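These protein sequences, in sequence, are chains A and B. Under the working numbering, the first residue of the first sequence is numbered 1, with each subsequent residue one higher. Under the working numbering, the first residue of the second sequence is numbered 501, with each subsequent residue one higher.
Treat each hint with caution, since some may be false.
[Unchecked claim] In silico DSSO-like pairs for lysine-lysine, Cα to Cα no more than 27 Å straight-line:
| hint | chain 1 | residue 1 | chain 2 | residue 2 |
| --- | --- | --- | --- | --- |
| 1 | B | 527 | A | 423 |
| 2 | A | 160 | B | 527 |
| 3 | A | 356 | A | 423 |
| 4 | A | 356 | B | 611 |
| 5 | A | 431 | A | 356 |
| 6 | A | 160 | B | 611 |
| 7 | B | 611 | B | 527 |
Just so you know, the hints here were simulated from the structure itself, not pulled from any lab data. Quick caveat, the model's predicted, so the values are computed rather than measured.
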Amino acid sequence: MSLAVAPILVPLFFGALSLALWRYRIAQRVLGLVGTLALLAVAIRLFQVVHAEGMVVLHMGGWAAPLGITLAVDMLGAIMVVLTGITGLAIALFSMGDTPERHEHFGYYPLMHLLLAGVAGSFVTGDIFNLYVWFEVMLIASFALLTLGGERAQMEGAIKYVTLNLFSSAIFLSAVGILYGLLGTLNMADIAQKIDQVENTAMINVVAVMFMVAFGIKASAFPLFFWLPASYHTPLVGVSALFAGLLTKVGVYALFRMFTIVFDHDVAYTHEILVWVAGLTMLSGVLGAAAQYEFRRILSFHIVSQIGYMILGLALYTPLAIIGGVFYIMHHIIVKTTLFLVSGVTYRIAGTHELKDLGGFFRSRPMLSVLFLIPAFSLAGMPPLSGFFAKFIVIRAGVEAEAWGVTAVALLVGLLTLYSMTKIWAEVFWKAAPDTESGEPAGQGSTVGLGWMYTAIAGLAACTVFIGLNGEPIYALAETAAEQLLNPDRYIRAVLEARP
Amino acid sequence: METLMAYIVGAMFAAAVYMMLRRSIVKLVIGLMLLSNAANLLIFTVAGMRQGAPPLVPEGAQMPASAVADPLPQALVLTAIVIAFGVLAFSVVLIHRAYEVVGTDDLDRMKDTDT
Numbered sequence: 001m002s003l004a005v006a007p008i009l010v011p012l013f014f015g016a017l018s019l020a021l022w023r024y025r026i027a028q029r030v031l032g033l034v035g036t037l038a039l040l041a042v043a044i045r046l047f048q049v050v051h052a053e054g055m056v057v058l059h060m061g062g063w064a065a066p067l068g069i070t071l072a073v074d075m076l077g078a079i080m081v082v083l084t085g086i087t088g089l090a091i092a093l094f095s096m097g098d099t100p101e102r103h104e105h106f107g108y109y110p111l112m113h114l115l116l117a118g119v120a121g122s123f124v125t126g127d128i129f130n131l132y133v134w135f136e137v138m139l140i141a142s143f144a145l146l147t148l149g150g151e152r153a154q155m156e157g158a159i160k161y162v163t164l165n166l167f168s169s170a171i172f173l174s175a176v177g178i179l180y181g182l183l184g185t186l187n188m189a190d191i192a193q194k195i196d197q198v199e200n201t202a203m204i205n206v207v208a209v210m211f212m213v214a215f216g217i218k219a220s221a222f223p224l225f226f227w228l229p230a231s232y233h234t235p236l237v238g239v240s241a242l243f244a245g246l247l248t249k250v251g252v253y254a255l256f257r258m259f260t261i262v263f264d265h266d267v268a269y270t271h272e273i274l275v276w277v278a279g280l281t282m283l284s285g286v287l288g289a290a291a292q293y294e295f296r297r298i299l300s301f302h303i304v305s306q307i308g309y310m311i312l313g314l315a316l317y318t319p320l321a322i323i324g325g326v327f328y329i330m331h332h333i334i335v336k337t338t339l340f341l342v343s344g345v346t347y348r349i350a351g352t353h354e355l356k357d358l359g360g361f362f363r364s365r366p367m368l369s370v371l372f373l374i375p376a377f378s379l380a381g382m383p384p385l386s387g388f389f390a391k392f393i394v395i396r397a398g399v400e401a402e403a404w405g406v407t408a409v410a411l412l413v414g415l416l417t418l419y420s421m422t423k424i425w426a427e428v429f430w431k432a433a434p435d436t437e438s439g440e441p442a443g444q445g446s447t448v449g450l451g452w453m454y455t456a457i458a459g460l461a462a463c464t465v466f467i468g469l470n471g472e473p474i475y476a477l478a479e480t481a482a483e484q485l486l487n488p489d490r491y492i493r494a495v496l497e498a499r500p
Numbered sequence: 501m502e503t504l505m506a507y508i509v510g511a512m513f514a515a516a517v518y519m520m521l522r523r524s525i526v527k528l529v530i531g532l533m534l535l536s537n538a539a540n541l542l543i544f545t546v547a548g549m550r551q552g553a554p555p556l557v558p559e560g561a562q563m564p565a566s567a568v569a570d571p572l573p574q575a576l577v578l579t580a581i582v583i584a585f586g587v588l589a590f591s592v593v594l595i596h597r598a599y600e601v602v603g604t605d606d607l608d609r610m611k612d613t614d615t
């Protein structure tokens with residue numbers, strides 16, 4: 001089924017096309033919209049096929065598994081690809097209004113397409129070395145996007161971001177090498193099948209922990225998350241939002257993939273570590289956010305804290321917990337992107353990200369305030385928005401698994417998240433603007449292109465409400481995804497028996 | 501041979517981590533370079549080394565006559581080298597630019613974005 005490769009080819013094609021049209025900014029903008037729209041379209045088509053058939057497997061070049069490179073899309077992969085399409089489209093819309101000319105001259109749009117290709121590639125591949133390659137495609141595009149503009153903060157942030165991500169790649173690569181030495185295969189399904197026959201389980205545990213560290217750095221899990229709050233608030237808001245929505249989630253996705261289908265031999269050992277990681281990630285992220293007074297830094301620390309919930313879903317390793325984790329990923333990608341985009345609008349109008357200098361937005365822009373409240377409440381877990389169900393499922397799974405400590409942490413972190421969101425609400429929207437007499441934001445920024453920005457934010461906010469109101473069908477999707485993850489036999493058979 | 505390689509790989513990893521912990525950004529990049537090369541050598545070593553047995557199929561045969569060296573790790577290493585080269589080129593430009601903008605090569609003075 002050649003549809004599996006489409007989510008990679010479409011952004012690559014549009015990326016190449018935008019490169020060819022290097023001098024034509026307007027053409028690149030239009031291609032940004034058309035390309036992400038096309039990506040969303042093929043992603044939805046792929047999702048429909050996966051929904052109907054269970055799995056889509058494609059052996060590249062006609063080499064049957066485990067010899068060739070295999071693309072294998074199951075429910076989780078298909079959901080992630082759709083979310084990539086949604087986020088990509090939202091960012092393209094937002095960029096229409098917010099990207100400075102200088103950034104467009106230096107390849108903003110080609111890089112965005114390449115990043116999306118890398119992200120989508122990571123979600124559809126069924127080959128561990130190929131996963132490494134897509135990680136690198138994504139990373140190099142993100143390096144360039146992060147430093148585009150070349151300001152001092154960006155350079156400082158980029159050095160930390162680049163170093164830690166390259167370090168994690170080296171660990172990932174070493175782990176792949178050792179795994180290949182042990183098993184002689186790179187196909188994930190084949191690895192999953194052969195790993196049970198290895199007698200040297202200590203060696204397997206070492207490899208498992210190496211993967212955990214490598215993906216933990218990418219996912220910004222405790223104690224490896226420091227690169228994230230040091231860099232995510234430095235680039236253009238559109239870039240921040242794209243990173244916040246997708247990049248860490250690729251790490252989480254890889255953890256979900258490896259620690260369900262492949263490393264399920266010693267759950268008591270590996271997943272116990274993950275429980276601790278999850279609890280500490282949630283707590284340290286939310287406490288970091290509580291101490292911050294810069295809009296995007298608060299949001300960056302909240303990414304860390306939310307990653308903890310997703311890892312908790314994986315760590316508890318019950319069907320309900322995995323469902324909760326998958327649901328949480330879906331909810332989080334949408335909500336986090338929205339919040340970053342809102343910070344872009346307030347920055348455009350008031351010219352600052354510092355909470356103490358912002359203010360008066362509720363008086364001057366009530367619509368924007370509502371658009372902030374929806375994702376903010378959703379992040380904190382208010383019913384009936386998507387975050388409520390996501391948190392509810394994970395916490396319910398924690399109670400059922402009788403993991404009292406970590407469940408208590410999850411509840412406490414939910415409360416502290418609400419505190420952070422009310423802090424932003426009170427400072428940015430509710431209080432009067434500090435410098436002006438009318439109490440409205442000074443408004444030095446131009447209003448050109450605000451319409452595009454609002455469209456992107458409103459669309460994503462609508463997605464949050466949609467997920468919240470359609471909790472049951474979305475839950476069913478997450479359930480299918482979790483079921484596939486917890487029954488690796490089906491994945492293995494589907495991949496190894498598929499005809500090229 | 502494997503034992504020797506194991507020591508070399510270990511020493512390279514150690515040197516890489518040591519260099520990355522230094523304060524100078526140039527040494528940081530040297531550390532990254534060593535790290536990616538150490539990972540490449542590791543793949544090469546753990547996949548099993550075999551001397552003088554190229555994976556060639558004799559003419560007319562379907563399979564090689566005797567056991568041959570595994571060509572796949574070399575393909576992996578080649579891919580990884582190319583990727584590492586690209587990333588390294590970027591890092592070198594990055595530290596040069598960072599040095600220009602920040603005006604120092606000392607990592608301890610690049611704390612503006614930390615919290």
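Hint by hint, here is what the structure shows:
Restraint check for residue 527 of chain B and residue 423 of chain A: not satisfied, since their Cα atoms lie roughly 42 Å apart, outside the 27 Å limit. The hinted pair formed by residue 160 of chain A and residue 527 of chain B meets the criterion: a straight-line CA distance of about 14 Å does not exceed 27 Å. For the proposed pair residue 356 of chain A and residue 423 of chain A, the alpha carbon gap of about 11 Å is at most 27 Å, so the pair holds. In summary, the hint linking residue 356 of chain A to residue 611 of chain B is supported, as the alpha carbons are separated by about 22 Å, within the 27 Å threshold.
Distance restraint check for residue 431 of chain A and residue 356 of chain A: the Cα-Cα separation of roughly 10 Å lies within the 27 Å cut-off, and the hinted pair is therefore satisfied. At roughly 10 Å between alpha-carbon atoms, residue 160 of chain A and residue 611 of chain B fall within 27 Å of each other, so this suggested pair holds. Between residue 611 of chain B and residue 527 of chain B the alpha-carbon distance is near 18 Å, which keeps this suggested pair within the 27 Å criterion.
Of the numbered hints stated above, the single one contradicted by the structure is hint 1.
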